[in-house]
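Taken in order, these protein sequences are the chains called V and S. With the working numbering as the guide, the letters of the first sequence map in order to residues 1 to 394. With the working numbering as the guide, the letters of the second sequence map in order to residues 395 to 685.
These are calculated hints, taken from the structure and not from any lab test. A couple of the hints might just be wrong.
Unchecked claim - Over the 12 Å line for every Cβ pair with chain V, so calculated as not near, a few chain S residues:
# : residue
1 : THR434
2 : PRO435
3 : PRO447
4 : PRO622
5 : HIS667
What the hints assert, rightly or not - Partial selection, computed: residues in chain V whose CB lies under 8 Å from chain S:
#  : residue
6  : PHE39
7  : ARG119
8  : PHE161
9  : ALA225
10 : GLY270
11 : ALA272
12 : GLY274
13 : PHE289
14 : ILE325
15 : GLN353
Because the structure is a prediction, the values reported are computed rather than measured. Note that beta-carbon positions come from the ideal geometry of N, C-alpha and C, so glycine has one too.
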Amino acid sequence: MKLHEYQSKALLRDRGVAVPEGHVATTAEEARSGAAKLFDAGSARVAVKAQVHAGGRGKGGGIKLASSADEAAQFAAAMLGSQLVTPQTGPEGVAVNQVYIEAGADIANELYVALTLDRGRGCPVVIASAEGGMDIEEVADTNPDAIVREHCEPGWGLRSFQATRLAYRLGLTGKAARGVAATMMKLSHAYRDLDASLAEINPLVITGDDGVIALDAKFDIDDNALYRHPELTALRDTSEEEPLEMEAAEHSLSYVALDGTVGCMVNGAGLAMGTMDEISNAGGFPANFLDVGGGASVERVASAFRILMKGERVSAVLINIFGGIVRCDRVAKGVIEALNTVAVDVPIVVRLQGTNAKEGREILRGSDVEFIVAETLHEAAEKAVAAASGQAEA
Amino acid sequence: MSIFVDSDSRIVVQGITGSEGAFHTQQCREYGTNVVAGVTPGKGGLLFQDEVPIFNTVIEAVEATGADVSMIFVPPPFAADAVMEAADAGVRLAICITEGIPTLDMVDVVGYCNARGTRLIGPNCPGVITPGQCKVGIMPGFVHKEGRVGVISRSGTLTYEAVDQLTRVGLGQTTCIGIGGDPVIGTTHRDCLERFAEDEKTEAVVMIGEIGGSGEEEAAAYIADDYPLPVIAFIAGQTAPPGKRMGHAGAIIAGGKGTAAEKMKALREAGAHVVESPSEIGAKALEVLGP
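Let the hints inform the model, and build the full structure from the sequences given.
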């Protein structure tokens, strides 16, 4: 789960990291009054920042500097309700529903600091760079020597000496080095306490008087850990999530929309990916990833059909079930039963393999529903691709 | 011969009285697995299926029955602790089936297991099976057949698919390991390759990877260094979009890294036989090994 900048900053502020004063606004009026408070408190300029779950906002016009409350309101009015396109969004962009009005900062130096998981080492890693404000992947490509790292040992986490070492390796000294090291420790505690998969401050700003302030912040939270963080679950902004993916999750299905024409329903995530690959090898394009779970129960198959058929471009469905513990004859009956409750008006190719696969295929062939029955995955993919293209022409 | 488990393995099941744990313990016993104990706190003294003694703690189970392998079905909030309990009780191998354990819990658990010399397989995995001897997991036993090929995989049903193909072409399997679909796991592709190289019966290894992480690349580097057995590899997710989690917590292309194309390239350059379609795994293994 991704958190917005303003939410991430509130979490950091609670943990003693300095962040600029700011106010969330959903209307131009709120933006104006938020900005007025900041100007009254002595800000020379305020930033108007679109709150979306995508990086590269500056490049897409999602961050503007205003010199008056009126100007802040104008920027907010233009952003709110618009689709923001950044290098990290698709060409359709993402809707801006909230803006954050924030006091400007006195910037002497900009750094990058983040914690994430090093999967190869199996532990968190702190990544820091003196090239703040830039996309870290870009720095890794263009100037990898500018990036310094420290691993957090399992059971121990980031130690102070490591944070200090990082600060000095970034070329900092004195008060700034101490401040940055302290911020890194606080960030690593936040990463741990919040079960984050990413905790990023970019840029971390050194001010003219060697103060340290987080000018942008981003947390991604491990979905598996949300059960123990009701306070974070409450921060979920569903307006930024795919409606079909959310609906699928409510039915314990794992679904990802893609842009092809062959709808897929598979038991197991690995086999679901393998099925997509097979469709592509057969010359077609999968419309989605969908894992109905190992058991492929009637309820789940029915929910899966409902979600699948909402994909606008689906012109054939491929069901691929490997019956292990679950028997294929039961899966076949379940598919037929599910089709009594969901209207599916495109060809359905079914491939059953494993326990009682033959019986399952006979049940499908003998039913009133017209299935295209295939034996191998390869055959199923070819038939589904042919059916999808036939349907597209018809 | 086999790796990790065989007919001498003595299994304790943590979470034996839960619905999943009970069902799969029964399936494992029907397969012939020697389940010697179960653990459910509060149910110590009872018997599972009138035969298997249940204990309150793993240490009691180990001391009373000599269990050396634990199969773990404990729900996600308690699973990390269950694995640590198994390691602390001194089991040689802990196989954690549970899906949905917080990643940072696993970081500490893997460190804890390593410090105690307990090998962890999983979490979020189907388990381990040595056909004809011992099934410790949720895989359908009947698709497996004693044979010549070792299987390593990050997934469940896709593994059964590959195993089924190996059985149909007559090659069979020595041991099949589901290493799990999470970002932090106890045993990697590379670890399993190392063990298969020492196994006299294993003549080839089928390795099934997927997008995300760098485990396949690390395996490729290991294979490139004169690995003695032929490796047949498939990587799932060639058509997966970046930035989207594909079912498994660990199956995600992050920051442009962990794509199927990169992994396939690394494995090909290391000398592995990489197939592009999951349908070709059995046929390719047969072509490489001969009937």
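Query raised in the report: If you check each hint against the structure, which ones fail?
Result: Those not satisfied are hints 6 and 8.
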